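Protein chains in written order, with this note's numbering: chain A, 1 to 321; chain X, 1 to 510.
It is worth saying that the hints were derived from the structure and are not from the lab.
Being a predicted model, the structure only gives us computed values, none of them experimental.
Ideal Cβ positions, reconstructed from N, Cα and C, are used throughout, including at glycine.
Incorrect hints may appear among the rest.
[Stated by the list, open to error] Label-pair restraints from in silico Cβ distances:
#: 1; chain 1: X; residue 1: L498; chain 2: A; residue 2: G108; range: 55 to 61 Å
#: 2; chain 1: A; residue 1: I223; chain 2: X; residue 2: L498; range: 45 to 51 Å
#: 3; chain 1: A; residue 1: S301; chain 2: X; residue 2: R448; range: 51 to 57 Å
#: 4; chain 1: X; residue 1: Q312; chain 2: A; residue 2: L138; range: 48 to 54 Å
#: 5; chain 1: A; residue 1: L138; chain 2: X; residue 2: V335; range: 50 to 56 Å
#: 6; chain 1: A; residue 1: K141; chain 2: X; residue 2: V335; range: 26 to 32 Å
#: 7; chain 1: A; residue 1: L138; chain 2: X; residue 2: I425; range: 17 to 23 Å
#: 8; chain 1: A; residue 1: L306; chain 2: X; residue 2: L498; range: 48 to 54 Å
#: 9; chain 1: X; residue 1: I11; chain 2: A; residue 2: S301; range: 49 to 55 Å
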Amino acid sequence: MFAWLKSFASPKELSKAGVLGMNRRNFDIISQYNPRCLYPLVDDKVKTKELANKIGISTPRLIGIIEYQYEAKNILDIIHGQKEFVIKPAQGSGGKGVLVIKDYQEEGHFFTTASGRQLAYNEVYQHISNILSGLYSLGGKYDTAIVEELVHFSDIFKDYSYQGVPDVRVIVYKGYPAMAMTRLPTKASGGRANLHQGAIGVGLDISNGKALHGVCRDIPITIQPDTGADLMKIEVPYWREHLLIGALAYEMTGLGYLGADIVLDARRGPMMLELNARPGLAIQIANGIGLKNCLKEIDKSYPSGLSAEERVDFVLNKRAK
Amino acid sequence: MLKKIASVRGILSIFLFLSIIYAGYCIYYKVEYWGFHFTPKQTANIWSIEAHISFEPTGEPIKVSLTTPRSNDSFKVLEENTIAEGYKISKNKTASRLIMTSPAREELQDIYYKILLFDNTDSRGKTKSAAPATPEAPIFDEQKLAAAKQLLKLAQAREGDPVSQIIRLLNEEPMHPAVQAYLPVKTTQKIMVEIISDLLALKKIPSQIARGFKLQESKKSLSPDLMIEAYTNGSWRIYDIKTGKKGIPDNFVLFQRGGQSLIDVEGGENSVIKFSVLKSITSSMKLAGQRAKLLNQEDRFQYSIYNLPLAQQNTLKWLSIFPLAILMIVLMRNVIGLQTMGTFTPMLLAMSLIKTGFWPGMLCFAIIMTLGLLIRFVMSKFNLLLVPRISAVVIFVILIMQSLTIIGYQLDFHIAQSAVFFPIIIMSWIIERASITWEEDGALNACREIIFSLVVAIATYFVISSEYIRHIMFAFNELNLVVLFMVMLLGTYTGYRLMELKRFRPLVKK
Ligand SMILES: Nc1ncnc2c1ncn2[C@@H]1O[C@H](COP(=O)(O)OP(=O)(O)O)[C@@H](O)[C@H]1O
């Protein structure tokens, strides 16, 4: 009769496992370390990109921006000479409104998307117009459209994901990378890398980028259901560079608790796609460990006053032992 | 960090504590002095007693003196009214008599005196007073004295205190032979009172007559009931002369105490006084102002909600349930962890459900949602811009509501007409949100959001639909302050949400 109760943990058990709950995250961490005035730095991708370039974090190169409806027709001038590019909203979230153009024929203005769909100029124009009118941004605010360089995703994740592009999310606390996972799109998630849509989350060892534990829809898994690949064999290359992006993002924004979304470009290595001032808690499930203890340890025994590089090395050495 | 929480929490807890004390005091105050009730629709009886005095003038200057109830005698006087044309009216407060004077007149005189009373059940039937003089023993012949003494002896075997004992003995059925012999053949209430009084005097217990009315509606005119008051243990106590019961019976209003006459007419003869009693019912809330007035607390009452025009009171009554609904939302989101569409959407839905009734509301909601989502799906093919698109949805929702109402009217299907009570903009946003979630995160997530929102709305509905809770939140509106600090204190709650206990369950090591 009370069997369903077993699917609930007691608060004591969760606390013992070091799980960070939503209320504590909001009250103890975000409201303490992320002053609201810093949010615009990460909410607007144009701003994030500018700051990132200044501090030396690599991001997809900005080709152009369109701010007002009357500028929408300028798109042809902006993409002149480009073969492939991405058009996306500056304040979008959850991958909404991202249009990936893999092939653009200047003659006749033919666009081919990543999924192979053919688009005519007026459809692209309409898409930009939608972005500007706030269709994809929170609360329907007017938005800016960004045209940026296409990332050529490295092949190493190819076996692990269905269509789409996996990315790596690093949680950075007080400048120290605290926890990481990679998000792998599945058939069920429609090729999108969002966990709540059914993508797989694989927790990564913060000291070496190796797979620790995998979940899909909050259920532990070890095999990618679409491709049959062994998720536990994942090892993210350029791990130090990944962590460095996270650590620098702290310097760049001043946010004490942030999530950095990083993709791996085949030629240029890890690139930061976006930053998040309120990263979710699902990463704990992907890692199979609670975040609270990690954060507590950083509070207690990690030195302050180190540079980004030193912090990354500190993390790499600490966990390796 | 810890210290900061502790202090914020500490301060809020102190405020919560203070607000509870304040609300507690106000509740006590309103119940005690304004007569508020914890249950809704409480009514208080208001009695109107009318005395009709008529007499024939003798041609001399007229002076009519009528005894009136005192307001501290267990009933409170709301209003006093005298209709006595051409008379000069004055009041003798100490003796509580109404005095009407007039020069000589000729025709038959009619004077009306009317009072409105309500029961406040405070001090009943016990009046402290200095000891009166010991009564003189009645002058009886020997035979009668012997009989009286026998009665007193017999009475001792009866129940109760000496006064009740005597009354009980006299009223016993079947009558004791000794009593039968003692009482005159025909007794009236007045004679009865006199006999009791004499017997008490033999025992050196002072006593006096009291007149009053049993408040019960009757068409015919009444004459007052008599009771006897005896002085024992330092205060006057009143006794029913039939049952010997101590204290004023329920709904009995004392008109006159002591030896004074009910009415004295100078300059008139054949005076007749007739009483009639009428009952009317008012909500106890309405009486509050009158009560406050009697207690000289008008200011306090004037600046309360309850002194506003009724229409405004109703609006405020509606508003005063909001804080509780908000508390529900906070609990559902931050303690249970249900993600809903928009923060206050469920609350607004719950409000609509109150107006429509539960099932009719749910049915209309389902119909509007289904039709709205269908239309929205068709519309998503057109790729409209955001503002025009949501505007179109709003217009569709209005059209759906109109058709529902018309169809409901034609088919005599009244519940369909409750559609108009749903907030149009809110419904449109729900439809918009649901269809976006549907497209992006799949039907499962969309349905889950709708269902969670509904669950929260229904839970909120059940809290605020209770007439009882609504009444309490309005009558004791200081409770909203308590709710405020509870909500703020919940803002510092950092524990796990109920849903997280399930979500993070896999993280617990076995
Ligand atoms: N420059 C790009 N090149 C290739 N794919 C991109 C690029 N920018 C975004 N994407 C794709 O879109 C997804 C969401 O992009 P992101 O910038 O993170 O938007 P959001 O903030 O809405 O999540 C990424 O996971 C990636 O698959």
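Cross-check of the supplied hints:
Distance hint for L498 of chain X and G108 of chain A: a CB-CB separation of about 58 Å, consistent with the stated range 55 to 61 Å. Evaluation of the 45 to 51 Å hint for I223 of chain A and L498 of chain X yields a failure: the beta carbon distance comes to about 32 Å. Evaluation of the 51 to 57 Å hint for S301 of chain A and R448 of chain X yields a failure: the beta carbon distance comes to about 41 Å. In this structure the supplied range 48 to 54 Å is violated for Q312 of chain X paired with L138 of chain A, their Cβ-Cβ distance being about 39 Å.
Distance hint check: the CB atoms of L138 of chain A and V335 of chain X are about 25 Å apart, inconsistent with the given range 50 to 56 Å. A beta carbon spacing of about 31 Å between K141 of chain A and V335 of chain X agrees with the range 26 to 32 Å that was offered as a hint. The supplied range of 17 to 23 Å is met by L138 of chain A and I425 of chain X, whose beta-carbon atoms lie about 18 Å from each other. For L306 of chain A and L498 of chain X, the Cβ-Cβ distance of about 40 Å falls outside the hinted range of 48 to 54 Å, so the restraint is violated.
Evaluation of the 49 to 55 Å hint for I11 of chain X and S301 of chain A yields a failure: the beta carbon distance comes to about 32 Å.
In the structure shown, a violation is registered for the earlier hints numbered 2, 3, 4, 5, 8 and 9, in ascending order.
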